[in-house]
Amino acid sequence: MVNPLLTVIFDLFLIGSAAAIIAGLVLEFRASKGAAVGSTQSAYRARYARTTTMTRRSRRSARLRAA
Numbered sequence: 032m033v034n035p036l037l038t039v040i041f042d043l044f045l046i047g048s049a050a051a052i053i054a055g056l057v058l059e060f061r062a063s064k065g066a067a068v069g070s071t072q073s074a075y076r077a078r079y080a081r082t083t084t085m086t087r088r089s090r091r092s093a094r095l096r097a098a
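Everything in the sequence shown is counted per this note's numbering, starting at 32 for the first residue and increasing by one.
Think of the hints as simulated: they come from the structure by calculation, not from any bench.
Predicted model, so just to flag it, every value in this text is computed and none were measured.
None of the hints are false.
Distance ranges between label pairs, derived from CB positions:
(1) Phe44 to Ala97: 43 to 49 Å
(2) Phe60 to Arg88: 27 to 33 Å
(3) Ala97 to Val33: 56 to 62 Å
(4) Ser63 to Ala97: 18 to 24 Å
(5) Arg94 to Leu45: 45 to 51 Å
(6) Leu95 to Phe44: 45 to 51 Å
Note that CB positions come from ideal geometry on N, CA and C, so glycine has one too.
Whole structure, please, built from the sequences with the hints as guidance.
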């Protein structure tokens, strides 16, 4: 017969390992989403800034983010 305490500890280990792997994947994904030179995101931001009603401050911050 298997000790129930060992089963619980092993289950927690498996859950922790899976959480660590998923956290690593999410961090890697977020790190790779940085701005690239000539990306389509900056073109989208410029188009969005022209077609929507924006305040002067939000237009300026969008322009600074795109640069």
